[in-house]
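J.: Sequence:
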Amino acid sequence: MKGMNVSAIAAACGGNLFGEFPSEKEASCVVIDSRLIEKDGVFIATKGERVDGHDFIPQVFEKGALAVVCEKLPENPAGPCILVKDSFEALRKIAAYYRTELDCHVVGITGSVGKTSTKELIASVLRQGKKTCATEKNFNNDIGVPLTVLRIREDDEYAVIEMGINHFGEMSELTKIVHPDTVVFTNIGECHLENLHDRDGVLKAKSEIFEGLTGKGNVIVNASDDKLCSLQEVAGRPTVRYGFDESFDVYASKIGNVNFEGTDTVLNIKGKEELSVHIPLPGKHMVLNACAAAAVGFSAGLSLTQIKNGIESVPVTEGRSHIIKTDRFNIIDDCYNANPTSMKAALDLLSGSEGRKAAILGDMFELGADEAELHASVGEYAVRLKTDLLVCIGDLSKNMFKAAEGSDTEAHWYASVDDFIRDASAVLKGADTVLIKASHSMNFGKIVEELK
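All residue numbers for the sequence shown refer to our numbering, where the first residue is 1 and numbers rise by one.
Any given hint could be a false lead.
[Stated by the list, open to error] Calculated pairs, PhoX-like style, for lysine-lysine (alpha carbon to alpha carbon, straight line, at most 25 Å):
| no. | residue 1 | residue 2 |
| --- | --- | --- |
| 1 | Lys429 | Lys446 |
| 2 | Lys216 | Lys254 |
| 3 | Lys2 | Lys131 |
| 4 | Lys270 | Lys227 |
| 5 | Lys325 | Lys284 |
| 6 | Lys429 | Lys452 |
| 7 | Lys227 | Lys284 |
| 8 | Lys254 | Lys204 |
| 9 | Lys270 | Lys344 |
| 10 | Lys130 | Lys308 |
| 11 | Lys204 | Lys344 |
| 12 | Lys270 | Lys308 |
| 13 | Lys446 | Lys325 |
| 14 | Lys137 | Lys47 |
| 15 | Lys137 | Lys446 |
| 16 | Lys344 | Lys325 |
| 17 | Lys39 | Lys63 |
| 18 | Lys272 | Lys325 |
| 19 | Lys85 | Lys176 |
| 20 | Lys176 | Lys216 |
| 21 | Lys270 | Lys284 |
These are computed hints drawn from the structure, not numbers from a lab. Computed from a predicted structure; not experimentally measured.
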């Protein structure tokens with residue numbers, strides 16, 4: 001890792017060095033999971049709810065660790081230790097220092113909905129012509145973001161980093177670590193309203209990403225979003241706009257089949273010929289994500305063929321509009337997380353399916369004072385789309401149930417996931433298409449596994 005010797009790491013995090021260390025040898029990796037340590041790697045010992053990384057310091061030295069960053073010194077350590085007050089703060093400072101040593105072009109992705117899918121599409125496109133590192137899964141918070149930066153290697157030409165927040169000020173801290181060259185802004189939805197108050201607050205909090213923007217890339221925005229369309233320029237440079245309008249720099253001029261096999265669309269990159277692509281991810285909203293990927297790929301100098309191949313080879317992410325076909329059901333596994341905007345997009349996808357349509361929906365958290373009304377709005381939307389069956393699980397989701405009660409949509413409410421699972425065989429029918437979606441802590445993955 002370029003510039004990452006022990007003394008530089010200690011200086012970066014403001015730690016005190018104990019023990020002898022090779023002055024010039026660079027770390028092979030920096031990790032917080034002792035199982036991932038490599039020879040000459042640096043282990044940051046952090047204390048979690050169930051596991052204390054300090055307990056594993058002897059093992060990482062046995063595996064050949066170059067040094068350990070820790071909050072308390074072990075007895076008779078087998079190698080050099082850097083003592084700090086806060087290991088997580090040290091992680092962020094080390095990542096921020098390492099970013100200054102890197103020459104690769106960093107793409108930062110933010111927005112309320114679609115960040116992970118957009119990240120996967122952009123990374124898939126860039127990998128057609130550039131060595132690219134990207135956020136794993138959705139490690140997009142104040143721990144996942146610095147770990148992603150620390151995974152970048154000197155020969156990486158691009159890094160694609162997903163950045164998520166739920167409080168004012170968090171994005172400011174993340175962007176000081178990432179310093180994105182290019183920013184991709186997907187949309188502004190109703191999420192984290194408990195802390196951000198309203199969609200204008202969401203826009204303000206996520207726009208903090210521009211504080212760390214370098215002068216090397218573009219700001220790429222979904223101009224079909226009613227809040228982002230006002231971003232005509234950032235830091236004195238015009239934004240690159242994508243969406244459904246032919247006046248935009250990248251737009252979808254035609255949308256064909258939208259089904260579980262994916263979405264067919266025609267993208268137009270302004271000044272270039274049209275590009276017919278098949279997006280192997282279901283849902284009309286994926287067209288916007290593909291537009292963002294095309295915009296990044298084009299700005300990176302990739303050919304239209306490379307952009308097309310990247311979009312068409314994007315992998316499916318479990319828990320995010322992941323289609324699972326069983327002998328009895330077609331399951332839309334979208335249970336990783338939820339807010340009102342993403343709930344309605346998932347219901348749109350369900351409405352386009354064949355046969356009986358069943359939605360199993362659960363509580364959405366961090367919605368603030370309007371949480372009851374926002375849950376009710378999802379129930380009303382399900383009825384409007386003529387959803388055949390609506391199963392609502394959780395205290396907040398009782399508002400969804402009440403909004404649908406008495407309509408042509410068959411509606412049920414359950415207090416818990418286990419209560420529903422005990423009744424599932426009586427409520428669901430063979431050949432149902434079943435959408436499963438809720439906030440992550442509702443543990444709806446248990447329902448997916450049960451139906452599989």
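J.: If any of the earlier hints don't hold here, list their numbers in rising order.
T.: 2, 8, 9, 18
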